[in-house]
Structure formats: structure tokens, C-alpha cells
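Trainee: Model the placement of chain B on the given structure of chain A, informed by the hints.
There are 2 protein chains.
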Amino acid sequence: MGRWVPDARGRLERAALELYAERGFERTTVAEIAARAGLTERTFFRHFADKREVLFGGTEPLKDLLVRTAAETPASAAPITATSAAVEAVGRLLEERRAAARQRQAVIDAHPELRERELIKLAALGDALAGALRDRGVPGLAAALAAEAGLAAFRVAYDRWIHGPDEEPLAAGIREAFAELRTITAG
Amino acid sequence: MGRWVPDARGRLERAALELYAERGFERTTVAEIAARAGLTERTFFRHFADKREVLFGGTEPLKDLLVRTAAETPASAAPITATSAAVEAVGRLLEERRAAARQRQAVIDAHPELRERELIKLAALGDALAGALRDRGVPGLAAALAAEAGLAAFRVAYDRWIHGPDEEPLAAGIREAFAELRTITAG
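Chain order of the listed sequences is A and B. Final position of the first sequence in UniProt numbering is 187; the numbers increase by one with none missing. Final position of the second sequence in UniProt numbering is 187; the numbers increase by one with none missing.
Honestly, the hints are just simulated from the structure, not real lab data. Please note that a few of the clues may not be correct.
It does not matter which identical chain is used: a pair holds within one copy or between any two.
Under the rule of at most 20 Å between Cα atoms (straight-line distance), these lysine to aspartate or glutamate pairs were calculated in the EDC-like manner [stated by the list, open to error]: (1) 121 <-> 109; (2) 121 <-> 72; (3) 51 <-> 7; (4) 51 <-> 113; (5) 51 <-> 18; (6) 121 <-> 159.
Note that the coordinates shown come from a computational prediction; the quantities given were computed from them, not determined experimentally.
Isolated chain A (complex conformation) (with noise of 0.2 Å):
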């Protein structure tokens, strides 16, 4: 039923990432998006749960990528190397989109109740994270550290790559974060 649409998804996110820009997240309709991206009401609902999980679908591929890239690091790698790998593959994924990255963030800034979304979905990639850890053997407390040190630095730089006027690529802010981690806890 219902012929394939190349990219359905895609145009889906963004039409709503647009509208949500023009008339706010609030006002706008799940018939509107699917209207703006020439398809049917029918089709969004095959993709997205609502219009706030267009905002949010992106999570799940980061965190295979993100589990992905910490277990196949060599196994004579160091946690926080490990986990470092994994995290700069999500910044180079984001990297190729930049300006629906900025206009995401824009829209859940603006909205207690996504950014409290927000935080639910980043708490879940360091958990993720810090299972595949264990998973290489590394203890739970060391593991745990891990995950939240590598989800510091994600948040510090993603923080920095949304909102700052540079163009620096988001894997090299994260690798910077890294860095001045280590200084730091080097006290």
C-alpha cells in the first residue's frame, strides 16, 4: 500500500524542522509537516510516533554508532581511547548536518519539556556507552566514569559547535574537550 517515496524520512524532518522555525513548535500540525514535504498524514505516522519524535529519531542510530565504534576500538585500548573513538564517529556523523542541527536545537532551547527530552536521550547514549564498555572488560566504576567523562566532552563541544560563530569541525572541538579534560582532572 502506498508507493515508496525516496528519502520519506528525510523530507519529513525537514518539513517539520522548517515549520517548527516559522510558526513554532506548538502550532504546528503533524498535517502540515506531511503537507510541506508532499506526503500523506499516513506516511509520517510510518516514521515518527508524534512531532515531538522527529526532534528525537535520530538518537537511535547515534547510539549503535556510538556502542559500535567503542567495541570494535582494539582491545589493548585504553577506556577513555575507546570511548574518545566512539564519540568523535557521532561528532563526524553530526558534522554533515550542521544547519538542521542548529535548527533542532533552537526549537528544544526554547521548550522546557524537549530539553528535559533532551537530557533523558543524552542519559541513555552514556549508558549505551558505558555498557559497551563493560562489555570490554573494563570494571563498572571505571566504566561509568568513562562514559560520563566522554558525554562531558560530547556536551561541552556540541554546545560550543551549536551555538558558537565558528567553523571548527564538531570532532575536532571534541577532541579539544578531551584534551582539556585530561588537564584538568590532572589538576
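Mentor: Frame of chain A; chain B shown alone:
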């Protein structure tokens, strides 16, 4: 109007935590909390906006303690030293309330919407700590990362303190987490 009742706030908190544990957060009413504490609903609402805020009303004093301790650390101390002093001060304060903290956390863990609320409150503590570090002259990136690292050490130590069987004081767990974080980030 209304006679002064010694420790009304503390009595309401203890009554609320008991009831949340006995019959669940949703099924507890403000009237029941007030009755259990031997107080009126009117008194309840002088202290808390709603039954959810009984769980989070303690955040502001923690934030004040965090900021004050960071500010009072000698100017010559490194950012991570001011951070760990501030986080340990919070740990010592919470130490006096371990039983209540466990009851509280059990309620929060059982309710995703309370968990989201807690993440927001923790993020606000991190922002306040970063601000206190910037006030000490720490540059923005270092302040953001030191605050994130401090919160990471706190979250991991707090989780072990709440859920762990051992009797290790929270402040000691926080020191251990900071030491482990240093070891980990050194690679």
C-alpha cells in the same frame, strides 16, 4: 494566622516519602501527606507547590552550598580542586540523610517523568557550578568541563551510595570517583 509548627517542612517531607513508598507516588494526595504530618493542606502549600516538589525542594540549598564552597576555595586552587571541594560538601550534607535519599530515589527511579525532572535539576547544578568557576576567573571551556566532570563524579558516586550495599560515606566515594576520573582521562 496559623501557629508556628516546629520543622513543618521536614515533617511534610518525611510523611510524603513514607506515603510514596507505601501506596505509590500517584495514589498519594496532598491531603494525605498533610494528615500524616499532623498539619493542614494550607501549611503544605506554604512549603511546596505540589507533591512533586517535595522530592526536589532540596535542590536550591544544594546549589547554594555548591556555589558558595567553590567561591570560598582559595583563589590559588586549581579549578578541579574547587570543583571537588564543592561536590564533596554536597556529599557530606546528603550523608546525613541516607535513608531519606534512598526512599526518594526509589520513587524517582520508578517514574520516568520524575527522572526527567531530576536530570533537569542536576543540569542546573552543573550550570551553577560552571558559573561559580567562571567567577573565579576560569575560562569558559575549562569551567564547563570541570563542572561536567564534577557532576559526573557526583552522579557515579551517588548512584553507588544509593544502590550499593556498603557503608562507605558519600564524600569518600566522591573523592574516589575524582581520583578514578584522573586515572581514566590520563589514558
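Trainee: Checking an output row: residue 121 and residue 159, CA cutoff 20 Å. Within, between, both or neither?
Mentor: both (16 Å within a copy, 19 Å between copies)
Trainee: Regarding residue 51 and residue 7, is the shortest C-alpha distance of 20 Å or less found within a copy, between copies, in both, or in neither?
Mentor: within (18 Å within a copy, 46 Å between copies)
Trainee: Reference check for the pair residue 51 and residue 113, CA-CA at most 20 Å: within, between, both, or neither?
Mentor: both (13 Å within a copy, 19 Å between copies)
Trainee: Are the CA atoms of residue 121 and residue 109 at most 20 Å apart within a copy, between copies, both, or neither?
Mentor: both (15 Å within a copy, 16 Å between copies)
Trainee: Within, between, both or neither: how does the pair residue 121, residue 72 come out at a Cα-Cα threshold of 20 Å?
Mentor: Answer is neither: 23 Å inside a copy and 35 Å across each miss the 20 Å cutoff.
Trainee: How would you classify residue 51 and residue 18 at a CA-CA limit of 20 Å: within, between, both, or neither?
Mentor: within (13 Å within a copy, 39 Å between copies)
Hint violations for this structure: number 2 only, all remaining hints satisfied.
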